[in-house]
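Combine the two chains into a complex, taking the hints into account.
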Amino acid sequence: MMRREWIYAWLLVLPAFVFLITFTHLPAVEALVNSVWTTAKGRRPSMFVGLGNYQKMLQDPIFIKAMINSGLYAALTVPTSIALALAMALLVHRPFKGVAAMRMAYFTPTVLPLVAVANIWLFFYAPGFGLIDQIRQFFGFASANYAGQPDTALYSVAVVTIWKEAGFFMIFFLAALQTVPETLREAAAIEGCSKWTFFRRVTLPLIMPTTLFVSVNAVINAFRLVDHVFVMTKGGPDNASMLLLYYIFETGFRYWDTAYAAALTVVLILILSLAGLGQFYAADKRVHYK
Amino acid sequence: MAQVTLNALRKIYPNGYEAVKPASFTIEKGEFVVLVGPSGCGKSTMLRLIAGLEDITDGVLHIGERVVNSIDPADRDIAMVFQNYALYPHMTVRKNIGYGLKNRKIAKDIIHQKVEEAAHLLNLTDYLDRKPSQLSGGQRQRVAMGRAIVRDPLLFLFDEPLSNLDAKLRNQMRIEIKALQRRLGVTSVYVTHDQVEAMTMADRIIVMNGGQIEQIGTPSEVYHFPASTFVASFMGAPAMNLLDASVEQGAVVLGGQTIAALAGHGPVTVGIRPEDIVPDAHGDHAIEVTLIEELGAHRILHAIWAGQPVMVSVAKDVVAAVGPLRVAIKAAALSFFDPRTGRRL
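Taken in sequence, the protein lines are chains A and B.
Residue numbers for the first sequence, in the numbering used here: 1 to 290.
Residue numbers for the second sequence, in the numbering used here: 291 to 635.
Pulled out of the complex, with its shape left as it was, chain B reads as follows (with noise of 0.2 Å):
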């Protein structure tokens, strides 16, 4: 278990594209950090960076209390978790598990308990002599975390582990992965795409765009106060609503109606999650939905508020239909941006 801590990391491919701009930010001993942003956004590379897999353009990088920057991959003491599980296909699950530790020179009656042991918690004992080629992608994903864990490693690093499985397993190994770090409390970095993973698995999120990174924070905070537009689209499904509206004498008036109290005076970007629009027969505002999605649980209402899209999201037993549909907005979950930089105000 290890503090991670960047220090104006970047990183300058040879061709000059600066993949991630300088980031700074300290991850705590046995946090799950996830980095979530869209493809390109510099997430993997910022995973690499930490791995030793890409060299360190500028800034410190530290992992405990050493400096790494210069240090190979395999001294770093982490192990990492890839994207199509990086298994040796000729070699049993067995010794898929223990060739780190094999590497390493470590005894093999060592190594033999080590791999029960991960296997035990994995529940793979029943696979040990088999051949990746002969396990289920949810298996191949545990033999590629046992390698992981069997190493006692300082850091877990996660390149996107489980884009290649199916959305039901993918909701289940997204379980045994929080469990499992959490039981055995190493610092872990974790790389997705996907926001459903970032907010149910971290502890912290990091959210990243174009090299950049936009905003740190819990799941919570990153969905109740997002710190940029971007943010505000990217984290939650369906996304945050922006509206154009203007402020005017301290007020925030959107279609001529004032829906919030603000200082300044100019334009500015209004953001609403869907759920906090809420259908009421005396509600203050008036929008014409347009098209329902019927998604079980909930539905999305599709509607137009003031000649811009909005979507509500109501619950299953909500009474609603095409047509005018009077609203009430939950004044205090309102996000206000500057519509020039994108940023919170």
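Just chain A, same shape as in the assembly (with noise of 0.2 Å):
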């Protein structure tokens, strides 16, 4: 009996298990293979290298260079977009005239395709007749290129990530807000606890289960979303705005070393998973969970 209600468990995970094993795990385990092997070449078939590829990051500028980026990218894009977020839905949780339509005009850079985000923000920064530019020359500045310079091309590229999901993260920020009772605001208010406090010692507190997974999900998007690059300045000018998921999609279907590619995937997995794992842990103590 017990044998038979083994059996329709496992047919019953089955197709998910196939799907989850075929385009997930197995993919995962070959990259990890794939990485300690060379790219095989006409001439040359692929080869055993141990953790040559991974060697050879350490002397690749470019790879150095994407890693300082990401780096940068995601210090900057983070903390600002939760910031901005949290700004945001404190504006908007209380009920005044036009709420409805103020919530919605912070969310619309969410509901927008970040490759449509890119073109919108394109025009912003073109030079001549940008948007930006247009406000610069209005008010006498020189006309300037702010996506095609190398020291101003990554920051470019930041703005426009935490334009789009600073929106996303305030529908977290919202929903968290709602559920800190607004008897605890009264009794606070009672017991002399000024507005600024208030926010600081219960409301911040109370809400930091949303605020990690925001964060989490802001690191995790930071190594991620780099479709508006694709867009604004593949990567460049020279590698100004190379991101470490771009440098991997150049190294392999631009140049199609695919094993050199491969490692740099590993490595990219291996910082999420840490970068995941030390903010749970990190954040671990300080996080109530009702």
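Everything labelled a hint here was simulated from the structure, so no lab data went into it.
Fair warning: there could be bad hints in the mix.
Said to hold, decoys possible - Pairwise CB distance ranges, derived in the manner of DEER restraints:
1. B:Asp419 <-> A:Phe213: 26 to 32 Å
2. A:Lys234 <-> B:Asp419: 56 to 62 Å
3. A:Val13 <-> B:Ala457: 46 to 52 Å
4. B:Gly330 <-> A:Lys195: 27 to 33 Å
5. A:Pro61 <-> B:Asp419: 51 to 57 Å
6. B:Gln462 <-> A:Gly276: 45 to 51 Å
In this text, a Cβ means the ideal position worked out from N, Cα and C, and glycines have one as well.
Pasting the structure below:
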């Protein structure tokens, strides 16, 4: 009897299992395997190199540049988009006239495809006739090419990410803020707690689980969302906006060095896992789950 | 400890709804006043006006010597216990109780000492380092009390503090709160919809209905001399019997029989408490018992008197059966109301 139930159980999970293994686990293992071999060329078959691909990274200036860029990009986009999201949520979490329109305005960037967003911002940044340049010219400043200059390209890309992500994260903070009971605010008002103190000492700790969730997502997205890089800068100029994932794409599908791309992918996954784990671990003590 | 005076205090919400009609009364120093009424009667709004959580539309509110109309809740020197306790879920009991003191920048060692004292008073010493989620309902209730008493305020405000507890715990906490208030002697305003709580805890009861004060009096006054048919039917369980009768030539006539003397002429509503109708073989009145409710210590007889339903409360040792019953009434215990206005005559 037991055996039969087990067979049923396996049959029930089988479809999901097959897809999960085929499209997630096998490729992951394969990437790991590929990363210790060389890419097969017409005249030279694939050969085992151990950690060779990983050693190559340390001498690869573009990889190092991509790592620095990705770190900088995450450091810029994660805190800024979270802070902005929280600020927007605080602005619109109490009802007032036109609050629905305001919420929607904040949320709109989220529903747009990132490629479309990138095109909008490409127009903003366009030298000469772009929105920003028109404003600059109105005030008598010289024309500037934000997305096309090595020293500003990465920031231009980061701004787009923040613009797109803040509205999405706002929704989570909005939901979290609604769960903070109004009587706590009233009790605090009677106990002589200022609005700022209440926010810092009560609201923030109570929405910590949401903040953690959002920040994990923000970190993952910082490494994962590169669609706008394709549209806006293609990693340039001079690799100024080269991000790790975009570099993986270039290596794998432009130069067809799949083995090296596999090794890069392993590094990316490692970074993401460590970042996620670290966040849960660090925040665990400070997060109050109800 | 402070006297609280309301002078024509009124609350109209922006949508035009008048939640509290102009109300005037004085709460004496150390007095325990209970605001009671059905939901939506304005009792909670009245409390929130005193607390400063709602803006006063009209009238003057004194707490102690000061007019506090435009003073922040924090500066009114009051403490409030909320229905859902409003404890900070991420703070320990110790921090919850001491939070009001900490906000007032009181020295740490004094906070520590005051919290310990309050915890001792409320039997919370063993729970000081727990979080609210690790406490039972009654313990949370006590933490909310601790938070109020630790500040040593001029005035305690209670907003239905026992309604989230089960019946047994409610009875116990009722006594504890009353005893604590007696011991500390702090002026208190307590809001409840439970007339038993009002009767048992109050020095004075304020009965509210539809934003208006129906009656202010001691529990005994409110029970025995209700100012209106509303108070008569709201206070007391089972409620006072209200019977339609008429005044003819100086006598109240019910079902063809004179039951009391009263000047005037025309219809009248007679109020009589269920325990003031007494089974008596030689009684003047005949009722028909239709149902008996057994309550242990006493029984409620549901009956028909002159075509109108009445309830009679009898002690457990009184023999009673469904069917005709002769009763006597305590004439001195009767109340008379104008059937048009509902006011006491």
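Evaluation of the provided hints:
no., hint, verdict
1, B:Asp419 <-> A:Phe213: 26 to 32 Å, "28 Å, holds"
2, A:Lys234 <-> B:Asp419: 56 to 62 Å, "58 Å, holds"
3, A:Val13 <-> B:Ala457: 46 to 52 Å, "49 Å, holds"
4, B:Gly330 <-> A:Lys195: 27 to 33 Å, "30 Å, holds"
5, A:Pro61 <-> B:Asp419: 51 to 57 Å, "56 Å, holds"
6, B:Gln462 <-> A:Gly276: 45 to 51 Å, "49 Å, holds"
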